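These are the residues of each chain, in order.
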Amino acid sequence: MNVNKDLQNERNKCSFNVRELTEFIDGGKNRTLERKHIEKLILAQKDELFGGTPEDYLSHKEKYERAIQTNVIILKIVQDFMRDANGGDLTNYRDVLTTLLNFVVSREGTPFALHFMMFLPVFLSQADEEQQMEWLPRAWNCNIIGSYAQTELGHGTFIRGLETTATYDAATKEFVLHSPTVTSYKWWPGALGHTANYCVVVAQLHTKGQCHGIHSFIVQVRDEETHMPLAGIRVGEIGAKMGLNMINNGFIGFNHVRIPRRHLLMKHAQVLEDGTYVKSRNSKLNYGAMVFVRVVIVFDSVNYLSKAVTIATRFAAVRRQSQLKANEPECQIIDFLTQQHKLFIGIATCHALKMTATKLWDTFNEVQQQLRGGNLERLPELHALACCLKAVSTADTAALAEGGRRACGGHGYMRSSGLPQTCAVLDAACTFEGDNTVLLLQTARFLVKVWRGLDTLKLTPTVAYLRTTLTEGFNDKWENTVEGIIKGFQTVSMRKISECVSCMAKRIMSGMSQEEAWNMTSVQLVAAAESHCRVIIISYFHEEFVKVSSSFSPALRRVMKLLVELYTLYWALDKLQDLLKYTSISRTDTEQLQERYEDTLNALRPDAVGLVDAFDIMDEILQSTLGAYDGRVYERLMEEALKSPLNAEPVNRSFHQYLKPLMQGKL
Amino acid sequence: MTKTKINADLIKERSKCTFNITELTNLIDGGAHLTEERKKREEKVLKEGIHIDQVPSEYLSHKEKYELAIKKASLMFKLLRKWQEEENTGMENYRAVLGGALGSAILEDGSPLTLHYVMFIPTLMGQGTVEQQAYWIGRAFNVDIIGTYAQTELGHGTFVRGLETTATYDPKTKEFVLHSPSLTAYKWWPGGLAHTANYCIVMAQLYTAGKCHGIHAFIVQLRDEETHMPLPGIKVGEIGAKLGMNGTNNGFLGLEHVRIPREHMLMKNAKVLEDGTYVNSPSSKLTYGTMMFVRVVLVNDMCNYMAKAVTTATRYSAVRHQSQPKPDEPEPQILDYVTQQHKLFVGIASVHAFKLSANWLWNMYNNVTAELESGDMERLPELHALSCCLKAVSTADAAQCVERCRLACGGHGYMLSSNLPTSYGLVTAACTYEGENTVLLLQTARYLVKAWQQAAGASQLTPTVAYIRRVTSGRRAPPFDSSLTGLIDAFHTVAAGKIGLCVANIEKRQKEGLSYEDAWNMTSVQLTQASEAHCRAILLLTYHEQTEMQCKNASPELREVLSQLVDLYVVYWTLQCVGDLLRFTSISERDIERLQRWYEDLLSKLRPNAVGLVDAFDIRDEILHSALGAYDGRVYERLMEEALKSPLNAEPVNRSFHQYLKPLMQGKL
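Top line first, the protein sequences correspond to chains X and R. Residue numbers 1 to 667, in my numbering, belong to the letters of the first sequence in order. Residue numbers 1 to 669, in my numbering, belong to the letters of the second sequence in order.
Simulated from the structure, these hints should not be mistaken for laboratory data. Bear in mind the structure is a predicted one, so any value in this text is a computation, not a measurement. Heads up, some of the hints might be wrong.
[Unchecked claim] Calculated pairs, PhoX-like style, for lysine-lysine (alpha carbon to alpha carbon, straight line, at most 25 Å): (1) K40/X - K235/R; (2) K325/X - K450/R; (3) K660/X - K662/R; (4) K668/R - K46/X; (5) K643/X - K82/R; (6) K477/X - K458/X; (7) K325/X - K39/R; (8) K235/R - K643/X; (9) K172/R - K666/X; (10) K76/X - K508/R; (11) K326/R - K449/X.
[Stated by the list, open to error] Calculated Cβ distances over 12 Å to all of chain X for the following chain R residues: (12) T35; (13) K40; (14) A96; (15) L558.
[As the list claims (entries may be wrong)] Some residues of chain R that are not near chain X, with every Cβ distance over 10 Å (derived): (16) K16; (17) T18; (18) L46; (19) K71; (20) K211; (21) K355; (22) E382; (23) L442; (24) S482; (25) D518; (26) Q659.
Note that CB positions come from ideal geometry on N, CA and C, so glycine has one too.
Starting from the given sequences, assemble the full structure and let the hints guide the process.
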């Protein structure tokens, strides 16, 4: 391989073993080997997967057809591999899912994502054992392809407001599903447009003349042989979107569609044959799938951000622009501090969020264990944590990827850079699976509750700092260290929550209702929830680093420590207004922080390319002219441009039809 | 126009608006007669029906999109030419159909002919001699030829001196030989260059008599006027699919020893004589003209896109109902949520703030160019510094505003039928074209650092940086004044404080042994922030002052709501930058809490007028082009109608089912 000289230089001066970091990121040497094995299988079908006209030039319809064609191949590769590796059971479900998501080769998503991300997990958490036996094997083998339909055209966040009804008819022992209005049409579910033949539908359950709120039903959407929509079902795609155009999002409307009684998922609530409703033991149990999906979203956001920073960092090493000093050659743009400022925080964020999400995942599994034993104590905490973490990590990764895209100048606007598509995926995550503002307010609700019960409640681990910070006070001594900054952030979060609570109290005193006071304070509540999340991410990143770093080589430990510092300093400077307002940080301290931040950027500069190389994203997955491993940026830009069907002819027919007549005054 | 049924919530919103919407519309347009002119023009263009698509362009292939764009652009300019002949209405028609307002109704994702009008013709006017103008401009205006402007190269953008394309004079044949010596020298990006233009202004390094004289502009014919085939030695094509602007037909151009006549060098400012003698330009700064012009137009266009985005998001927020804060009450309009108001209302204010600032800069530009004609260059660097930071801040803010509006519409904002993603694509592009934002902020910073040094001495400071001396004069910080003007003053104090700190940091790094350039680089993150602070101070002050002036003859109702918007904008940015205020002014924790209350209070006050305020932007549905933002608020019906236009929905089963899905599900793949 002919590698760009600048990139080769960068790699030569890298201070640590890139492979060591890759294995850490993958979760162990074996996992790295496993991943590389799948990559080999994918490359074996390179022509079918990556040949032909690039997807960016296709029409919307052709894109869908391409998506089905390529994703079926990928699906089979991963399925076969996992079957061989795990004997086909579901114990490593997350591995299967994250592996699948890692290998999405179309840059606008895959129509099979929802089948694995929602359809199967909903069965796992809401179907009773018999239902699981009946449906899971077929779904797992992709004998059926499912989707999950909750959101409606007129209803998203507020689930209780859904309009679709499922009315039990005791005479036939069936449920009748119906969409009473246009706003009640299901709208958004991935794969629902033209791909899925089954769907889990969330609807208001009515039986014996009474509404029991929303429940999940399995509905066959299309005939298994002909794929034609079944009677009473109106299904189609919702149209072109900013990105993710290969997901095949759909709409569905029901006109009195009848399904058997056992198509209600009955793990938590049942409707007996005679129509009697048997209540769920605990309605909170339904949170499980939601927490699961949100953690997966955090992992997935990290994947996409690591792609964006890999592309932008390699491009910054190859691109030369302007003279730092007169009479010297133009320098690599990665030497500009402003460029480092845009990129290195992205690298650190990948690690910070990944470590945080991993810890959340472990907690999730612990809590699942406790749930089985009937202990629900930590469920609200976990839910609150998943909410804010999803919101903050999707917002951060979207902003940093967009920053990375702009850091590539105009070339980052080219679809051949892969950056626009990457940003569009991350942008979508800010509003799907819980709009970020709404999620932060849910976390805020939890925090306010904790704050009000601070003296009496037993505090769960992630909020324990609220009491310690309050009782210990801040000691009036600011420390410019990672630990000091974390303590500062804890104080900020504690003070913000306390301020929100007293602000609401004041408003209620002045005559507002509880709800109005909440609404008037909601901008501050959102900020408080974010602050809490910052505490969690920064302290987890720091703690986890300390925990794992003993197994690192000294060289890797040094560079990872720099990343932890960079991350902490970056956010301290970004949230300076909070620190200045709520802690004893002085003006001199802030100036020192700024200087240390600049010096840390400089210290990371020589390892920047090594750090993104360690994400080890193969060119075929990265699919970027600017970010390929060999750094042949300009050659690739031109090669890709020449693939445009417009460039196949020197003169387009529109010249003869319109331009020439226009110029000759004959139009 | 048929009367459509209007959503009940929107009717209610409109009925409770406290001011006269038409009065505000007239104010925004610059007078009732201008509103009328605009409406007439819009009606005249839209009744032609050029903007109507059978299949929305987002469903087409890349190539089909281009063909559609050419069709529409050609019909559009035929129409313009006709009017020009009939009534000679001047430049306003052109500006309107090229910009983000009326123009985007016809071509929502950019036009392949934009650069012809925005760069090709202005460059001819700015850099051509009288004879050259006489020869070229008539043909260009009449669209007998279509031109573009090629400066940026595949490997070179910001640093213009680094361009590689050469133009070498050959006195024997009295020709220039244009050449691209490497792949990185290929011109890359110019709109219309790929398959549309047949002429092009090419920026190249001028060589004559063995010496390089830096970059100059040359007119190069690209394609045969009859056959449109590329001429010998010319390698031209399109650069490929982009995030947005896929109607602009951006191209690349490689030149292989292409010969052009000596007269094809634009010679207003510098000449090459027949024998190859180079005659110097009177001032190299004169070539800044076109760039300035483009930036001012650009700030104005950002306002168009912001206005569209906030109109869409505000109307949608009035129609959309969600959640139940109080049990047993109906779901409220999402516009009632303070978090939603927080996302939208500052956007409405931003449109006014940038529009007024752009006008103010436009006037200043005209004054300065008048001075230029008479040889007075004194204020050119100041104007340049101002246009740099204003371009950077307005494009960055506009991108953020459009994106925030999109997110405020939840998932539906992700649909192309909302038009928010397309607007975002156009606005975010402006963050990197016509001067990358970070680079521009650093150019402003260079001016500010110089001004700081001047402030330390005795020399006169130019008006927009005069505040620096106030701070450097060394008086102690006065007690914090949280009135509107007090806050604006505080922003000036912050800006001066930041510039001062940058200067001190550069000096400190130099003392530690760094060269000035390295010290500058190490301080550059702070320098961009100082530049932004400077720009914010000017924006707030200008918005406040210009609104006062504008409101002199306005009705009391309108004056009240416009001053609420100014208050909102200033308090919003104060809270955004409160860390800076804590560092550089005497603001206290209690002041901040009061400001936060003030802000929340302003949101409540503006709430009843929100729909009226966006209605006043008076953007026709055809221009808004949004299922979520149409005047009648039939949001859900329109979303469904648009979805059904997707060609995928024309068949119940797509062929890929039989080819791939069925074999997969039946285990036969």
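(request) Please confirm whether K355/R is truly not at the interface, meaning its C-beta sits more than 10 Å away from all C-beta atoms of chain X. (result) holds (24 Å)
(request) Could you grab the alpha-carbon distance between K235/R and K643/X and see if it respects the 25 Å cut-off? (result) With Cα atoms ~15 Å apart, K235/R and K643/X stay inside 25 Å; holds.
(request) Mind verifying the non-interface call on L442/R? Its CB should be farther than 10 Å from each CB in chain X. (result) violated (7 Å)
(message) According to the definition I'm using, a residue is off the interface if its beta carbon is farther than 10 Å from all beta carbons of the partner; does E382/R meet that for chain X?
(response) holds (23 Å)
(message) Check whether the Cα positions of K325/X and K39/R lie no farther apart than 25 Å.
(response) The hint is violated at about 54 Å.
(message) Check whether the Cα positions of K643/X and K82/R lie no farther apart than 25 Å.
(response) This hinted pair is violated, its Cα atoms lying about 39 Å apart.
(request) Could you let me know if the closest chain X CB is still more than 12 Å away from the CB of A96/R? (result) holds (19 Å)
(message) Please verify that the nearest CB of chain X lies beyond 10 Å from L46/R's CB.
(response) With a cut-off of 10 Å, L46/R remains clear of chain X, as the shortest Cβ separation is near 19 Å.
(request) Against chain X, does K211/R hold up as non-interface, every C-beta pair farther apart than 10 Å? (result) holds (18 Å)
(request) For the pair supplied as a hint, K477/X and K458/X, confirm whether the alpha-carbon distance does not exceed 25 Å. (result) violated (29 Å)
(request) Given the hint that K326/R pairs with K449/X, test it: the Cα-Cα distance must not exceed 25 Å. (result) Judged against 25 Å, a Cα distance of about 18 Å means the pair holds.
(request) Grab the minimum beta-carbon distance between T18/R and chain X and tell me whether it stays above 10 Å. (result) holds (21 Å)
In summary, the numbered hints that this structure violates are 1, 3, 5, 6, 7, 9, 10, 19, 23, 25, 26.
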